[in-house]
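Student: Letter by letter, the chains look like this.
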Amino acid sequence: EDQVTQSPEALRLQEGESSSLNCSYTVSGLRGLFWYRQDPGKGPEFLFTLYSAGEEKEKERLKATLTKKESFLHITAPKPEDSATYLCAVLSSGSARQLTFGSGTQLTVLP
Amino acid sequence: DGGITQSPKYLFRKEGQNVTLSCEQNLNHDAMYWYRQDPGQGLRLIYYSQIVNDFQKGDIAEGYSVSREKKESFPLTVTSAQKNPTAFYLCASSASGPTSQLSTGELFFGEGSRLTVL
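Chains A and B supply the protein sequences, listed in that same order. Under the numbering used here, the letters of the first sequence match residues 1 to 111, in that order. Under the numbering used here, the letters of the second sequence match residues 1 to 118, in that order.
The hints are simulated quantities; they were obtained by calculation from the structure and are not laboratory data. Where is the CB? At the ideal position from N, CA and C, for every residue including glycine. One should not assume that every hint holds.
As the list claims (entries may be wrong) - No more than 30 Å apart at the CA atoms, straight line, and that leaves these computed lysine-lysine pairs for BS3-like:
| hint | chain 1 | residue 1 | chain 2 | residue 2 |
| --- | --- | --- | --- | --- |
| 1 | A | Lys79 | A | Lys69 |
| 2 | A | Lys42 | A | Lys59 |
| 3 | B | Lys14 | A | Lys42 |
| 4 | A | Lys42 | A | Lys79 |
| 5 | A | Lys42 | B | Lys83 |
| 6 | B | Lys9 | A | Lys42 |
| 7 | A | Lys63 | A | Lys42 |
| 8 | A | Lys79 | B | Lys14 |
| 9 | A | Lys42 | A | Lys57 |
| 10 | A | Lys57 | A | Lys79 |
| 11 | B | Lys83 | B | Lys57 |
| 12 | B | Lys70 | B | Lys9 |
| 13 | B | Lys57 | B | Lys71 |
| 14 | B | Lys71 | B | Lys9 |
| 15 | A | Lys42 | B | Lys70 |
| 16 | A | Lys42 | B | Lys57 |
| 17 | B | Lys71 | A | Lys63 |
| 18 | A | Lys63 | A | Lys79 |
| 19 | A | Lys69 | B | Lys71 |
| 20 | A | Lys69 | A | Lys59 |
| 21 | A | Lys79 | A | Lys59 |
| 22 | B | Lys83 | B | Lys14 |
| 23 | B | Lys83 | B | Lys9 |
| 24 | B | Lys57 | B | Lys70 |
To be verified - Pairwise CB distance ranges, derived in the manner of DEER restraints:
| hint | chain 1 | residue 1 | chain 2 | residue 2 | range |
| --- | --- | --- | --- | --- | --- |
| 25 | A | Gly54 | B | Gln17 | 51 to 61 Å |
| 26 | B | Lys70 | A | Arg12 | 29 to 39 Å |
| 27 | B | Asn84 | A | Glu58 | 14 to 24 Å |
| 28 | A | Gly29 | B | Glu62 | 25 to 35 Å |
| 29 | B | Lys70 | A | Glu45 | 45 to 55 Å |
| 30 | B | Lys70 | A | Ser18 | 42 to 52 Å |
| 31 | B | Lys14 | A | Glu56 | 14 to 24 Å |
All chains should be built: construct the whole structure from the sequences, respecting the hints.
Tutor: Structure follows, in structure tokens:
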């Protein structure tokens, strides 16, 4: 059974204070790891796909990295508008081939 | 603008009543999904459909039903058999279904429907 664990559950940062969110996973054959951003009361919005260990993707202040067991979402010099819940999900080559989501990290960036 | 439209945004239901949540997409996507989101938990898959007139149960299908009569539409009915229906429901679509070799795992989500049972 695929499993995704995100940590920490919640993170409060001061504006400009860089940090990282963690997503650890166990899957039977990773086809892809995905990061989504979710604002309160809204649906998740796709950010990145990572396919293999060593791969990195960047978008503005966000950079996602992938190893064989975990992914990190690095946030550099965050701004208050980066406040959201960040969700990690994996797609495996197992029989279900469905996305398995983590429970998310709620990020708050204080001005 | 292309996207997914869910309605209603908020819905209140009395115990014993069935309710139907609407989901429409104009992205020309083949696959559509329904997820349930509860506080502190990851999104859980209720049902998905890869083509018209076909759908598959997800991890928590009990107490729910769906139909896919048109490519654009994938309504979800929460029946009275669902023991704990209060939740945030999310509809999503993707260009190809999860069992397709073309599947990328990139989902497009609607804004969600919040169901509260009184």
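Student: What hint numbers does the structure not satisfy?
Tutor: 8, 17, 19, 26, 27, 29, 31
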